[in-house]
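Here the protein sequences line up with chains L and B, keeping their order. Residues in the first sequence are numbered consecutively from 1, following the UniProt record's numbering. Residues in the second sequence are numbered consecutively from 1, following the UniProt record's numbering.
If you are wondering where the hints come from, they were derived from the structure by calculation, not from laboratory data. Do not rely on the hints blindly, as some may be mistaken.
Each pair may be met inside one copy or between any two copies, as identical chains are not told apart.
As the list claims (entries may be wrong) - List of simulated lysine-lysine pairs, BS3-like, C-alpha gap at most 30 Å: (1) K371 / K338; (2) K83 / K160; (3) K338 / K160; (4) K42 / K337; (5) K42 / K338; (6) K42 / K160; (7) K340 / K42; (8) K83 / K337; (9) K160 / K373; (10) K11 / K42; (11) K42 / K343; (12) K11 / K202; (13) K371 / K343; (14) K337 / K371; (15) K343 / K202.
There are 2 protein chains.
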Amino acid sequence: MMSQMTPSERKVRVNLGDRSYDILIGPGLIAATGREIGARLKGRRVAVITDENVAPRYLDPMMASLAQSGIEAVSLVLPPGEKTKSFDHLIPVCDAILGARIERNDAVIALGGGVIGDLTGFAAGIVRRGSRFIQVPTSLLAQVDSSVGGKTGINSPHGKNLIGVFHQPDLVLADTDVLDTLSPREFRAGYAEVAKYGLIDKPAFFHWLEQNWQAVFAGGSARIEAIAASCQAKADVVAADERENGLRALLNFGHTFGHALEAATEYDSNRLVHGEGVAIGMVLAHEFSARMNLASPDDARRVEAHLKTVGLPTRMGDIPGGLPPAERLMDAIAQDKKVKGGKLTFILTRGVGQSFVADDVPASEVLNFLKEKHPQ
Amino acid sequence: MMSQMTPSERKVRVNLGDRSYDILIGPGLIAATGREIGARLKGRRVAVITDENVAPRYLDPMMASLAQSGIEAVSLVLPPGEKTKSFDHLIPVCDAILGARIERNDAVIALGGGVIGDLTGFAAGIVRRGSRFIQVPTSLLAQVDSSVGGKTGINSPHGKNLIGVFHQPDLVLADTDVLDTLSPREFRAGYAEVAKYGLIDKPAFFHWLEQNWQAVFAGGSARIEAIAASCQAKADVVAADERENGLRALLNFGHTFGHALEAATEYDSNRLVHGEGVAIGMVLAHEFSARMNLASPDDARRVEAHLKTVGLPTRMGDIPGGLPPAERLMDAIAQDKKVKGGKLTFILTRGVGQSFVADDVPASEVLNFLKEKHPQ
Numbered sequence: 001m002m003s004q005m006t007p008s009e010r011k012v013r014v015n016l017g018d019r020s021y022d023i024l025i026g027p028g029l030i031a032a033t034g035r036e037i038g039a040r041l042k043g044r045r046v047a048v049i050t051d052e053n054v055a056p057r058y059l060d061p062m063m064a065s066l067a068q069s070g071i072e073a074v075s076l077v078l079p080p081g082e083k084t085k086s087f088d089h090l091i092p093v094c095d096a097i098l099g100a101r102i103e104r105n106d107a108v109i110a111l112g113g114g115v116i117g118d119l120t121g122f123a124a125g126i127v128r129r130g131s132r133f134i135q136v137p138t139s140l141l142a143q144v145d146s147s148v149g150g151k152t153g154i155n156s157p158h159g160k161n162l163i164g165v166f167h168q169p170d171l172v173l174a175d176t177d178v179l180d181t182l183s184p185r186e187f188r189a190g191y192a193e194v195a196k197y198g199l200i201d202k203p204a205f206f207h208w209l210e211q212n213w214q215a216v217f218a219g220g221s222a223r224i225e226a227i228a229a230s231c232q233a234k235a236d237v238v239a240a241d242e243r244e245n246g247l248r249a250l251l252n253f254g255h256t257f258g259h260a261l262e263a264a265t266e267y268d269s270n271r272l273v274h275g276e277g278v279a280i281g282m283v284l285a286h287e288f289s290a291r292m293n294l295a296s297p298d299d300a301r302r303v304e305a306h307l308k309t310v311g312l313p314t315r316m317g318d319i320p321g322g323l324p325p326a327e328r329l330m331d332a333i334a335q336d337k338k339v340k341g342g343k344l345t346f347i348l349t350r351g352v353g354q355s356f357v358a359d360d361v362p363a364s365e366v367l368n369f370l371k372e373k374h375p376q
Numbered sequence: 001m002m003s004q005m006t007p008s009e010r011k012v013r014v015n016l017g018d019r020s021y022d023i024l025i026g027p028g029l030i031a032a033t034g035r036e037i038g039a040r041l042k043g044r045r046v047a048v049i050t051d052e053n054v055a056p057r058y059l060d061p062m063m064a065s066l067a068q069s070g071i072e073a074v075s076l077v078l079p080p081g082e083k084t085k086s087f088d089h090l091i092p093v094c095d096a097i098l099g100a101r102i103e104r105n106d107a108v109i110a111l112g113g114g115v116i117g118d119l120t121g122f123a124a125g126i127v128r129r130g131s132r133f134i135q136v137p138t139s140l141l142a143q144v145d146s147s148v149g150g151k152t153g154i155n156s157p158h159g160k161n162l163i164g165v166f167h168q169p170d171l172v173l174a175d176t177d178v179l180d181t182l183s184p185r186e187f188r189a190g191y192a193e194v195a196k197y198g199l200i201d202k203p204a205f206f207h208w209l210e211q212n213w214q215a216v217f218a219g220g221s222a223r224i225e226a227i228a229a230s231c232q233a234k235a236d237v238v239a240a241d242e243r244e245n246g247l248r249a250l251l252n253f254g255h256t257f258g259h260a261l262e263a264a265t266e267y268d269s270n271r272l273v274h275g276e277g278v279a280i281g282m283v284l285a286h287e288f289s290a291r292m293n294l295a296s297p298d299d300a301r302r303v304e305a306h307l308k309t310v311g312l313p314t315r316m317g318d319i320p321g322g323l324p325p326a327e328r329l330m331d332a333i334a335q336d337k338k339v340k341g342g343k344l345t346f347i348l349t350r351g352v353g354q355s356f357v358a359d360d361v362p363a364s365e366v367l368n369f370l371k372e373k374h375p376q
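Here chain L stands alone, though its shape is the one from the complex (with noise of 0.2 Å):
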């Protein structure tokens, strides 16, 4: 049967030679898993791998639609939280799909978040030495950014995604009515990845973005192009640099300053999740751009200005609890980053949609700005 989208529905074809995949976008797609995959897949077995919180919701709806097109499923319900991003719960995933005898022609399924995805890619990437996997993202995060790329792992004592492996998806499906179930704090966070995009390199998208946000919150055909625009823009960075050899940093925007800001609330996810992380990072990001001279502080302004529309955290005093002083945040950068005779490497912007690696960043300067930013 072949594949029928829907009049709503929106498709983004990641290009990767023959690796390459579609990004399927739209409502209704977990319910039509079965014909999905039956429209892809050679083999008739799946091994669909979730976590607790979304399994109640979505598993059943999907073991049904496979059911229904002769696909043969097996299910794992993991623990939700970023803790399971180990090898305590890669190991039973590992052991589950190989016990579904899930050979060359069928596929590991991810039902479920980030944490989700990650873990149930790296476990796809390695079993028979890398078996074909497919993404179902049920969060905004996952839908516009970790679930598009092949980055797969898990954390470490070391550090988080210390470990894993590149392995594409062959196939994502992006079921829009999910979105409908999110907390407004859990979309706001999802949002920030997809503002980042237009900071990124796409300043039309990020003006767009500005004048429609209403609409992309309240769902409907708004949100599902932002969600294919991320989608694109996320794809043609990959396409680029699948490996992350150089363009593709600069989809770690914003984050530098905010995995930092994660570990120095100890990733409590009550105090600071991922995307608010992000959200006040790239502010910081302008304003230390702005600093260093090189983009306007007007741009810092602007983009604040729209992150705090939406209702996210832009400034380090937003995040509640206290924060411990500059030095230990710049503690904190160093160890994400490697500093190299006092120089770092640093997403920064010339402005909105102007971002660029800059692979000399003096360590002071950063260490001061944090202490302008954040006096004790």
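We have chain L; now place chain B onto it with these hints.
Below, chain B alone, put in the same frame as chain L:
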């Protein structure tokens, strides 16, 4: 400093685009590790993974050579044996690599046989989504087979090598001096894989081995020639089919029967080691091909005569302790190779150096053949 080859040293290039690498074959290479790495690597930090059998002989000379070249090294010594190819040992290896702050331009070194190479290569393949990796194989089997080609991995309760990645090394140092310390049985087991390359598609090489095997066993330039020819044969196949979509399956000549025999003897190395299983398996593959009227029985007799002359087992009856009935051997084959509609894929041959992939071999014919060769 440039790498300088001694007159007796050979170099084989594995051509894989931007992942191409050299295999150096010759005496004294372990004591030259620092020189060879220093000539090729930007970084100045390595982690050496080895085992308790290899460490007492070769770890100190390697560490001294690295220190002399100004390369900082840490080492981790694991228990020897197949059980080490497990998540239980993979996790501390990953930790050791990260703990040593091995980064982009640094490297991970596997100093040991196939187990250490497979495990360490897998760890290098997943730390930071792929780290530089150097193979220093210390068995003949590892020098002519497992250290070349990028297959890495660990075992699963569901089967051997089911978890892993393709991760090519950046350099292979095959120090032929280490072969002098192998037991005759270990050397012969590795020799079975050398002979395999002749049987796959190099009849002149097989003929050369028939004439020169005593010199190969004695050491010196004939042995270096045989290893270089084997590495070149494997490099050619890997360059043509890195991820085993077709041609690379030929490298499994003799292995389907061999794996079944290894499983039937419960991987008890007192009874049968891998190379011995391959030796018997290659004779069986020739005999089965003759039975299918694909090849002359003379070729089977010729192959058996040579392997027997060098001291390898060539018949199922040569395995001490007896074997389960033919039906059980057939079950092991069916687990290894998927049976589809009563047919399975097998590497057969039309004669010495004329192997090919047959994907429609009737399972019933294999069973009848096994019953004849191994009557209860």
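Of the hints stated earlier, which fail here?
none
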